[in-house]
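Starting from the two chains in their separate frames, assemble the complex, guided by the hints.
Okay, here's what each chain looks like letter by letter:
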Amino acid sequence: MASEFMTTPYYKVNILTGTKAAKVVSEPTEAASIIDKATNPLYVFGAEVIDSPVGDRLLIDYALEIAKSRDIPICATAHVKKKMMELGVRPDSTYDIIEIVHFLKDKSWAGVRGKGFHDLVLFTGVRCDLAERGLSTLKHFAPHLKTFAICRRSHPNADFALPVIPKTEKWRVYLEGVISELGAV
Amino acid sequence: MSKGKMREEEIRRIIRADDEWEPVGPTPMPNLTDLRNWDFRLLDTYEPFYAPFCDLCCLCTYGKCDLTGDKKGACGIDIAAQQARWILICSLMGTAAHGAHGRHMIEHLIEKFGEDFKIDLGSQVNVEAPIIRTVMGLKPENLGDLRKAIEYVEREMIHLVSATHMGQEGSYRDFESKAFHAGMLDHVALEAADIAQIVGYGLPTSIADTALVDLGWGAIDVKKPTIVVVGHNAVTANAIVDYLRQHDLYDKVEVAGLCCTALDMTRYDSGAKVIGPLSRQRFFLKAGLADVVVTDEQCVVTDIPQMASEAGAAMIACSDKICYGLQEASAMAADDILKAVLEEQKQFLILDSEKAAEVIVRAALALAPTRQERKKIMTQEEAALVSAKCRGTCEACNRACPNLLPVNVAINQARQGDFAKLGSVFLRCIGCAKCEEACVNDIPIQKVMQAAAASDTYKIRAGRGPIHDVEIRKVGSPIVLGTIPGVVLFAGCSNFPGDIDDVAWLAEELARRKYIVTLSGCAAMAASMRKDEDGKTIYEKYIPEFDAGCIVNVGSCVSNAHVVGAAIKIANIFATLPNRANFELMADYILNRVGACGVVWGPYSQKALSIGTGAVRWGIPVVLGPHGSKYRRLFMSKKEASDWNVIDGRTKQVVNTEEPTPEHMMLVTETKERALVTIIKQCFRRNDTPPGRAIKLNSYISAYKQVIGGLPDDLQNFVRTEKEIPIVYKREVIAYLKEVGWKPKTVLSLPTLIGTYETKVPIEATIK
Ligand code: SF4
Ligand code: SF4
Ligand code: SF4
Numbered sequence: 005m006a007s008e009f010m011t012t013p014y015y016k017v018n019i020l021t022g023t024k025a026a027k028v029v030s031e032p033t034e035a036a037s038i039i040d041k042a043t044n045p046l047y048v049f050g051a052e053v054i055d056s057p058v059g060d061r062l063l064i065d066y067a068l069e070i071a072k073s074r075d076i077p078i079c080a081t082a083h084v085k086k087k088m089m090e091l092g093v094r095p096d097s098t099y100d101i102i103e104i105v106h107f108l109k110d111k112s113w114a115g116v117r118g119k120g121f122h123d124l125v126l127f128t129g130v131r132c133d134l135a136e137r138g139l140s141t142l143k144h145f146a147p148h149l150k151t152f153a154i155c156r157r158s159h160p161n162a163d164f165a166l167p168v169i170p171k172t173e174k175w176r177v178y179l180e181g182v183i184s185e186l187g188a189v
Numbered sequence: 137m138s139k140g141k142m143r144e145e146e147i148r149r150i151i152r153a154d155d156e157w158e159p160v161g162p163t164p165m166p167n168l169t170d171l172r173n174w175d176f177r178l179l180d181t182y183e184p185f186y187a188p189f190c191d192l193c194c195l196c197t198y199g200k201c202d203l204t205g206d207k208k209g210a211c212g213i214d215i216a217a218q219q220a221r222w223i224l225i226c227s228l229m230g231t232a233a234h235g236a237h238g239r240h241m242i243e244h245l246i247e248k249f250g251e252d253f254k255i256d257l258g259s260q261v262n263v264e265a266p267i268i269r270t271v272m273g274l275k276p277e278n279l280g281d282l283r284k285a286i287e288y289v290e291r292e293m294i295h296l297v298s299a300t301h302m303g304q305e306g307s308y309r310d311f312e313s314k315a316f317h318a319g320m321l322d323h324v325a326l327e328a329a330d331i332a333q334i335v336g337y338g339l340p341t342s343i344a345d346t347a348l349v350d351l352g353w354g355a356i357d358v359k360k361p362t363i364v365v366v367g368h369n370a371v372t373a374n375a376i377v378d379y380l381r382q383h384d385l386y387d388k389v390e391v392a393g394l395c396c397t398a399l400d401m402t403r404y405d406s407g408a409k410v411i412g413p414l415s416r417q418r419f420f421l422k423a424g425l426a427d428v429v430v431t432d433e434q435c436v437v438t439d440i441p442q443m444a445s446e447a448g449a450a451m452i453a454c455s456d457k458i459c460y461g462l463q464e465a466s467a468m469a470a471d472d473i474l475k476a477v478l479e480e481q482k483q484f485l486i487l488d489s490e491k492a493a494e495v496i497v498r499a500a501l502a503l504a505p506t507r508q509e510r511k512k513i514m515t516q517e518e519a520a521l522v523s524a525k526c527r528g529t530c531e532a533c534n535r536a537c538p539n540l541l542p543v544n545v546a547i548n549q550a551r552q553g554d555f556a557k558l559g560s561v562f563l564r565c566i567g568c569a570k571c572e573e574a575c576v577n578d579i580p581i582q583k584v585m586q587a588a589a590a591s592d593t594y595k596i597r598a599g600r601g602p603i604h605d606v607e608i609r610k611v612g613s614p615i616v617l618g619t620i621p622g623v624v625l626f627a628g629c630s631n632f633p634g635d636i637d638d639v640a641w642l643a644e645e646l647a648r649r650k651y652i653v654t655l656s657g658c659a660a661m662a663a664s665m666r667k668d669e670d671g672k673t674i675y676e677k678y679i680p681e682f683d684a685g686c687i688v689n690v691g692s693c694v695s696n697a698h699v700v701g702a703a704i705k706i707a708n709i710f711a712t713l714p715n716r717a718n719f720e721l722m723a724d725y726i727l728n729r730v731g732a733c734g735v736v737w738g739p740y741s742q743k744a745l746s747i748g749t750g751a752v753r754w755g756i757p758v759v760l761g762p763h764g765s766k767y768r769r770l771f772m773s774k775k776e777a778s779d780w781n782v783i784d785g786r787t788k789q790v791v792n793t794e795e796p797t798p799e800h801m802m803l804v805t806e807t808k809e810r811a812l813v814t815i816i817k818q819c820f821r822r823n824d825t826p827p828g829r830a831i832k833l834n835s836y837i838s839a840y841k842q843v844i845g846g847l848p849d850d851l852q853n854f855v856r857t858e859k860e861i862p863i864v865y866k867r868e869v870i871a872y873l874k875e876v877g878w879k880p881k882t883v884l885s886l887p888t889l890i891g892t893y894e895t896k897v898p899i900e901a902t903i904k
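Protein sequences, first through last, are from chains A and B.
Going by our numbering, the first residue of the first sequence is number 5, and it counts up by one from there.
Going by our numbering, the first residue of the second sequence is number 137, and it counts up by one from there.
Next comes chain B alone, as it looks inside the complex (with noise of 0.2 Å):
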């Protein structure tokens, strides 16, 4: 349906058109369908890949149908259909957790400042909001502007959400086209998100060297009362620290996070801490050291209620979207809520944040002094005596374990005394317990880890927020130069396939070749999980100016969006381009000239599929580690293969540029070292120039030899001209170029895809 005049006038209103901060591009708050022909020009050159895991479809009484191959379902889908159909399902869960987030958020804050609060991100950053001014075209000025983003994005869910009933979309390609979409409303939904609760909380926004905060099980002094929040939504947990501040209790309890929301709250305050991510949440919260247990909301393990009553801890749940059938008591005295939880060791739901501060700082001050004997982590022998009925043959363990690890060898040789092997399996160990519920001998296989795992303390500094636009100005031309070799985001949860600290590793040999590097949320944790020989993590190591070879911490899930703001700011705040309401052009720039890659390593929630999805549609690659085939879902180019033509933007010529940059939008590789080189060059682009180009194939190159051996066999792909051949490598190159027939390339200084598709952008626009 086209937006009818009506539509459109109250698109202006919301936007405030008649503000002139730039005149209002073609896509003010685009619809299901206003992106589509950048879509189908992304999928026509990068294909999706499907790798079904579920052949059948049950999803109406139709079914179940058979979808094998090229049989079709009752309605008339196929499987690749379905497996799109899917990818949209799951891209709108996970822009719902993040709009949902949101909108909480900034509900609350407007409940508590109004909603005329101002947004002020302070003197490093004037464009507030680069997302939401270029999809949405608009400004936001004050709290009540954020709630018109939450909006915004709720009103196009309800169509996609539609879209994925029975008997409606049948295209694979127009699916893929609206996951892309509920992807793009996820960025507007994190920004909005971040912006709120950093105006709302003060958190940092305009410095870089943000406070090295603490990070391990071992950080916490668990002989104080000690509160663990879980989750990803900060405002139960601020209102912990602000009623401990003001009852002059913070020296005397400990209160520690996983997951996010412990990102966000040492970001509100530094003296927090941080358990770990999504991997620990069962280990943690099994070894008992916490005296009350609190949940917010996403990827939070399910079982936590069950848990806390087995380690004889308080539990308070605090978001209506995890409510675990319990009586909700904002409106019952603390006091009665105190007594029973401390003498019936009764569970409740308590959505008042600051009713359930009290009720939580109260219980575990009561509860520690109690509770001394039962935090204590299971020793070797224990361990050992736990294990003896294991021989390591039934392999039951390791049948049901999702990363594949040797669980009958450890526990084997634990019960023998020996936890080295247990350790490294600790180390990749993702949390889920399905071993131990196989385990036919029902050894406690996560408590037996607790005798195993080192209590290593870590440091990690707090996230920092939003890029500043004095930082973009100055990185902005070596990057789109190509002299600055990328930018790289590592996003996602901690599910990876191999160890803990392969984030950190992937992380460091990129800072060292002088990427930029970003980290957020758990990913952001398990980076500081690794030690040199001198006792530091690449927190400590590397700059945290978003500058040629730093380790920066944007900060939780939503704080995502800064990355992808920095890449937009490239173009806005560098090259000058208007980007209100202008998505397509942003997005084709960043494409052809900014080399930015997203790392989801571990991808586990269907929020980091719609992060990843919505940075594919920004021109962002994304790749993925194993785990992520299990989302069925890839954008590959057939590599020389592919369309690659351009338009000059200064002969507005086409041109083939004969040259796969980016080669793939999104893809899964098998190890850490495949990620690296895939990584370098994911972040080559058109737009490079011969001395960039030089800078980026040496990094290609080198971290090639490295660890995958000898020369890459697709460096003709990439070498354009001689003099972008690095020094170092020029012998063996020109040889090998040679040998291979290779062949110059043109090298355009204004590639751009728009006009070689249907779009309302001129290619003039293109140009400053």
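In isolation and in its complexed conformation, chain A is listed as follows (with noise of 0.2 Å):
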């Protein structure tokens, strides 16, 4: 399993001044045990899920089958939630990044199935310079849980972070390659 201290993320408008950054995932295999050790995820969805092609299929089909393989809640941000509903898929809840991010905060917050604290929350597709604020606050104000941010462009405030993959082709052999290893841990 390959992992390193993460230099630089894609966007220089993100680029960390601090000395606590993410652990980059450069393997599918490792994203796919941490998401699996995980007891009480939550999936958040920013906007760029529903306009971003991976190959043939946008972003959203492959956050959507990541988070059915482990019944994982999912929170639709910004006007994500049509999409979802033209895909017959119901969100968990609505709240925007920035109300996700204030609950997640609260480890005695009920969750978005009631279960208590989420432990681990992943973020796809939320405008980066924004996600990378919410996971600096949840860096800072959230010891309870772990963040892992599945996105190309990298976040060094995220716990966990991809590398940055330039390529959309290589993008769409890392998502398939988490959800072939969910299907297989």
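Possibly wrong hints are sitting among the right ones.
[Claimed, not checked] Derived PhoX-like pairs (lysine-lysine); straight-line CA-CA distance at most 20 Å:
1. K359/B x K512/B
2. K879/B x K775/B
3. K841/B x K87/A
4. K841/B x K86/A
5. K24/A x K109/A
6. K570/B x K16/A
7. K879/B x K904/B
8. K119/A x K775/B
9. K896/B x K788/B
10. K208/B x K24/A
11. K24/A x K359/B
12. K774/B x K788/B
13. K774/B x K111/A
14. K512/B x K570/B
15. K111/A x K512/B
16. K207/B x K109/A
17. K775/B x K881/B
18. K841/B x K650/B
19. K457/B x K475/B
20. K610/B x K896/B
If you are wondering where the hints come from, they were derived from the structure by calculation, not from laboratory data.
Since the model is a prediction, treat every value here as computed from it, not as a measurement.
Here it is as structure tokens:
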């Protein structure tokens, strides 16, 4: 399992000014195993899941498969709910990105399905500069949970982040790898 | 430190306490701690939310200190207090910028007209300065009184700046209270500055349908000598207009502006033109269309001297805030300055506005004939040629872009002669030139954009200044009852996350739902940059009166004061509550009864931060675009789980309303769609009558269905009685409420926070 300390995210605006950086999860197997170990995970979908093509599908199709594999509850931020409903999936929460982060800070919050605090929160498709800020909030103020930014632009403020994956084709391979590993774990 | 007797007497003297226009309320000219209990009451429900931008502190030589998680600095400060400290520092920058602007404007006008020069805002405006009246307890009568307002701001600021020093304030809540203080002082400064320029320059004040003026770089006839003013303080710009008029040159020279100076200039003379908001500064200046570039103050990109000289244009700086290392030339003869400008391409600082105006106009007249060749924007052929080396693969440009734009694809396609993508990147571009700096092949990306940028022109209504007392009397009741669903102010800069026309879209969605929509500054400009199929902008389609379904441009950044002022006037003129030195009473009224919401979709400058922070202290929630998260702090409730207790003014009993209204006081939304439903929700107030709430819920549900889909899943929080369910959605809403186990809630007609915390304001004061 390859992992290293993060250096530079894709966007310069997200460069870390600090000492605690994400662990880079280079291999889909490792990503799947992090997800698999969580006892009460949550998946936050950002607006970009509905308009980012990956191969001949949309990012949301992959994210939904990951969520489905472990019955992970979904928080549909921004206007993602509309697309999810078209796809016949009802989100567990429609809090906007900052609202869900605000609730996640609170260990005593019941979580989106009332099962207590989420120990792992996955993020995909949140606008990169905003996601990085929300991850920073959780890094400092939510020691009870781990964050995993499943984003090919990479996020130093997360606990776990992907490396920068410039090529869409490699991104597709990574996502499919995670999905197939989750099927296999 | 509590106020001593002498200070109290001094305050009474400053505000002429014996003038009996209204009794003096509990907090004349409040100091750092006078409104702290009110602030804490707000913070109890709306907790500060921090998103650190930097985990370290390097403000003193004990550091750098790592503040990650629960680590503390050598001075003992933790990460939350450090964020709040930054917020205070940045708010103070904003307040200082507006305060210094006001100070300069007022002193300039006092020099000209004397300090006894009367404040007269025309037949329609009797409550001339609702903010100054409320905060200070002073009814300003002349320019000298406005100077007192700025002096008050200055006095408080020294204490606030002091609190940011190492080893001073240590609590994030107190830092926030101090930031609120800075924000409130900012509003005092805004109001003083705008009133001064309205009376000193005769800007519009008692008319609503001000002139429609041209906006867009295509509106400038660059064949004429072209002067471009950049910044936010129109003293020199107005002097240029005066000089042109006096010398009968006005139709021979183009005077155009970028940012708020442009807006204020068009209030002074509707023949002046607006090129556009801040995001267009570099684009336009690099195009070389200006013969003379004039800078005044605030939000002026700092490499203008270099851009002007590269374009072969003259450049004159006019503010002591921005001197660029240039020689100050006020004492030189105009002929000598002009000679150096024309023969040596020398740039100058000229603080004497009249002398500056003469030099600027004469330089433009002399330079224009020689610069015609340079006033050409890049053609598509040229653009494709200079982009030849791009293959779109290195993506250095994208990685540098703070608006996360796909510059690589756009340039790579432009190279091949397809400019569509670059045109769409241009509409989202905030003009920072970071892509160009990063490009490994030195492609002049900002210039290449010239070939893709549409040169459309638009109509914007000139800023109208204060809202009229008679308008307040008309809309006061429907706003407080909730039947006009809300008053929304779009303010701030144009670094929008999406297209330049995001604000126009939001404003129109609200205006057609009968909201009162007001705009200012760069947001007001951007709102004009979208036309319907008949070629009309929202300023041409919607009424300019402050009434349901209007689109009102109040003016420049300093004119934001008039929208806060309108909310105060609703309490003061419509509800006849005394506002003199009565901050808490006014803010409590606004928070509970005036459905107002501020939107800063492109929050760029520290001024935008101080305006927004001040709004929250007044009880006006603020919705921000994603860039707003970089200011590190928001104010959010935990929805139904927070403290929603109020006092019922009639029975004086504490009542748990169980309704989160307004739900948050400052939050970021990611997309314009989410912003729309959030703005609508932030206009809900506890005081809404059932018919009023029904109208607001109707807007909420219709917008939610349109942009997000289905019914909102928090309706149970906002429907208090069955009567409030909009008829068109009745069946599905009732079914939904049944499913989630909804129970009716209390509807109060006199909800107030006064009495739920320690305050000098008696509960009786909330009832007239
Ligand atoms: S101000 Fe405090 S936290 Fe900042 S560097 Fe100095 S000691 Fe460290
Ligand atoms: S100039 Fe425009 S495209 Fe280039 S980095 Fe800045 S915002 Fe992005
Ligand atoms: S940095 Fe320059 S060469 Fe590279 S993709 Fe961007 S525009 Fe093309």
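Hints and how they fare:
1. K359/B x K512/B: Distance ~10 Å between K359/B and K512/B Cα, so the pair holds.
2. K879/B x K775/B: Distance ~17 Å between K879/B and K775/B Cα, so the pair holds.
3. K841/B x K87/A: holds, 12 Å
4. K841/B x K86/A: Given pair K841/B, K86/A holds - Cα atoms ~9 Å apart, limit 20 Å.
5. K24/A x K109/A: Holds, at roughly 18 Å.
6. K570/B x K16/A: holds, 10 Å
7. K879/B x K904/B: violated, 32 Å
8. K119/A x K775/B: holds, 19 Å
9. K896/B x K788/B: Since the Cα atoms of K896/B and K788/B sit roughly 16 Å apart, the hinted pair holds (cutoff 20 Å).
10. K208/B x K24/A: holds, 15 Å
11. K24/A x K359/B: Violated: K24/A and K359/B sit about 57 Å apart, past 20 Å.
12. K774/B x K788/B: violated, 26 Å
13. K774/B x K111/A: holds, 13 Å
14. K512/B x K570/B: violated, 24 Å
15. K111/A x K512/B: Status violated; Cα separation ~61 Å.
16. K207/B x K109/A: holds, 17 Å
17. K775/B x K881/B: Holds - the C-alpha atoms of K881/B and K775/B are around 15 Å apart, at most 20 Å.
18. K841/B x K650/B: The hint holds at about 18 Å.
19. K457/B x K475/B: violated, 26 Å
20. K610/B x K896/B: Not OK: K610/B and K896/B at ~32 Å, beyond 20 Å, violated.
Checked against the numbered hints above, the structure breaks hints 7, 11, 12, 14, 15, 19 and 20 and satisfies the rest.
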